[in-house]
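**Student:** In this note's numbering, the protein residues as written are 1 to 436.
Some clues are possibly wrong.
As the list claims (entries may be wrong) - What follows is a list of derived Cβ distance ranges for each label pair: (1) Glu360 to Val47: 57 to 67 Å; (2) Leu202 to Val47: 29 to 39 Å; (3) Leu100 to Val256: 36 to 46 Å; (4) Leu388 to Leu137: 29 to 39 Å; (5) Val47 to Gly210: 29 to 39 Å; (6) Met66 to Glu350: 42 to 52 Å; (7) Ala101 to Ala149: 55 to 65 Å; (8) Leu168 to Gly262: 45 to 55 Å; (9) Ala199 to Val363: 26 to 36 Å; (10) Thr353 to Arg260: 17 to 27 Å.
Hints listed in this document are in silico derivations from the structure and should not be mistaken for laboratory results.
Fair warning: this is a prediction, and the values are worked out from it, not measured in the lab.
Even glycine gets a Cβ: it sits at the ideal position worked out from N, Cα and C.
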Amino acid sequence: MSAALRLWWSLARRQGPDRLTTGLAVVAFSAVTWALLTTLGGVRAFVDRAAGSADDDADFYVVLAMTAAALILVPLVTLGGAAARLAVARRNARLAALRLAGATTGQVTGMALADALVQAVAGALAGAALYGATLPLVALLQFQGRAFAVGELWVGWWGVVALPAVPLVALASALAGLRRVAITPLGVARRTRVSALSAARLLPLGGLVGLFLLGANGFLRVGDLVLIAFLVGTLSGAMWVFNLVGPWLIGVLGRVVARRAGTVPTLLAGRRMADDPKAAWRSVGGVALVTFVAGVLSVSPGLGASADGEDHLGVDLATGTAVTLVIAALIAAVSTGVTQAGRVLDQAPEYRTLHLAGTEVAVLHAARMRETWIPLAVCVGGAALTALVLITPFAAQLAREPVGVLLFLGSAAVGCSLVLAGTAASRRMVERAAAV
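From just these sequences and the hints, can you work out the full model?
**Tutor:** Here it is, written out as structure tokens:
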């Protein structure tokens with residue numbers, strides 16, 4: 001192991017172009033840690049307030065906080081996984097070359113784990129520092145008629161438990177990627193792709209629909225605790241299922257686009273989507289999940305209006321909705337920027353080869369835009385439809401305050417613009433990658 005660590009340190013000091021990849025991964029891990037600690041701090045604050053309050057609404061605030069946390073959790077895990085996989089292609093190609101040169105499986109494993117752990121720990125520490133620095137700003141928010149104290153938002157022992165989760169996600173991703181390096185190093189070195197995703201990913205979708213129909217017809221007539229568990233579980237499950245189905249859907253879409261392509265950029269876009277649907281999903285998945293969150297939260301203005309001005313519930317629902325959407329949007333923004341830059345770095349050899357074969361840079365740009373907006377339109381539309389199905393029991397609240405629809409449409413429009421802007425902003429990187 002010591003030999004592996006020495007070799008890793010020697011390669012880490014000579015990263016060259018990989019420094020940008022490492023920096024992007026650290027930024028993503030920092031954002032994940034900050035959002036995770038901030039969300040947990042908010043939940044803890046409401047739990048502590050409810051424990052020392054005789055107000056009947058105190059427990060309801062805890063439910064709302066946990067629901068918001070459930071909506072944010074899946075985009076957080078998605079961004080963490082994207083950060084952990086950001087440098088996988090480059091790292092695996094380097095490790096595969098070492099395997100072919102005679103390095104043992106143990107040495108390759110040690111190098112991969114050290115690489116992932118250093119990035120994740122650096123990002124987690126930076127995110128924890130950012131969380132501490134932004135606590136006074138978060139404390140300015142007012143709920144239940146008063147602002148938070150900084151001490152209320154401090155995660156305490158919750159943070160001790162949550163902070164190691166970030167490096168653990170990175171280590172799990174590193175170990176998952178090592179299987180191909182250990183078994184087929186030549187295939188990794190030649191950048192061969194894995195087989196198409198199985199349609200079995202659709203099975204959890206059927207289970208979720210069945211659970212939703214069962215709950216809508218039976219569980220909604222029982223106590224509040226079961227209703228709360230059903231609501232949070234269904235929302236979280238829907239986001240996890242969407243994460244499973246999304247890559248498969250993009251793979252199918254890519255094959256259809258490639259077969260019916262009438263131009264070179266469309267053909268390239270379809271082939272890339274079909275070749276690596278998971279990477280295409282990571283480019284648009286963050287915005288799709290934000291669209292889902294915005295769709296679910298579109299009923300909150302109606303719920304606030306139904307409070308008939310009692311206490312501060314209506315205002316607090318609007319504030320909580322805004323905070324949840326801001327955090328989700330920040331996660332999506334970081335995910336989009338990191339993923340777009342990472343994809344350009346990963347596809348740099350392909351861009352260079354296509355350019356040498358006579359493909360104009362303008363064609364490469366057009367293919368990238370179509371590779372982005374085609375799955376973006378389908379996935380955002382699917383997320384919107386899923387959210388609308390889940391909020392059908394609250395249709396009356398949505399009709400009472402249609403401003404929720406505007407909130408939903410605005411969030412989707414901003415998210416789509418963000419992804420397209422990120423794709424356009426990386427044009428210079430493509431031009432440098434294609435240069436010979």
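**Student:** Does the Cβ pair valine 47, glycine 210 satisfy 29 to 39 Å?
**Tutor:** 32 Å, holds
**Student:** For the range 26 to 36 Å, tell me whether the beta carbons of alanine 199 and valine 363 fit it or not.
**Tutor:** 33 Å Cβ-Cβ, so the 26 to 36 Å window holds.
**Student:** Holds or violated: the 57 to 67 Å window for the beta-carbon distance between glutamate 360 and valine 47?
**Tutor:** This hint holds: roughly 59 Å between Cβ atoms.
**Student:** I want to verify a distance hint. Is the separation of the beta carbons of methionine 66 and glutamate 350 within 42 to 52 Å?
**Tutor:** For methionine 66 and glutamate 350 the Cβ distance comes to about 44 Å; the hint holds.
**Student:** Is the hinted range of 29 to 39 Å satisfied by the C-beta distance from leucine 202 to valine 47?
**Tutor:** 37 Å, holds
**Student:** Should the hint that threonine 353 and arginine 260 are 17 to 27 Å apart at their CB atoms be regarded as holding?
**Tutor:** For arginine 260 against threonine 353, whose Cβ atoms are near 25 Å apart, the range 17 to 27 Å holds.
**Student:** How does the Cβ-Cβ distance of leucine 100 and valine 256 compare with 36 to 46 Å: does it lie in that range?
**Tutor:** 37 Å, holds
**Student:** For the hint 45 to 55 Å, verify it against the beta carbon of leucine 168 and that of glycine 262.
**Tutor:** Once the Cβ atoms are compared, 47 Å apart, the range 45 to 55 Å for glycine 262 and leucine 168 holds.
**Student:** May I ask you to test the hint 29 to 39 Å on the CB atoms belonging to leucine 388 and leucine 137?
**Tutor:** 34 Å, holds
**Student:** When you take the CB atoms of alanine 101 and alanine 149, is the distance between them in 55 to 65 Å?
**Tutor:** 58 Å, holds
Violated hints for the displayed structure: none, as all numbered hints are satisfied.
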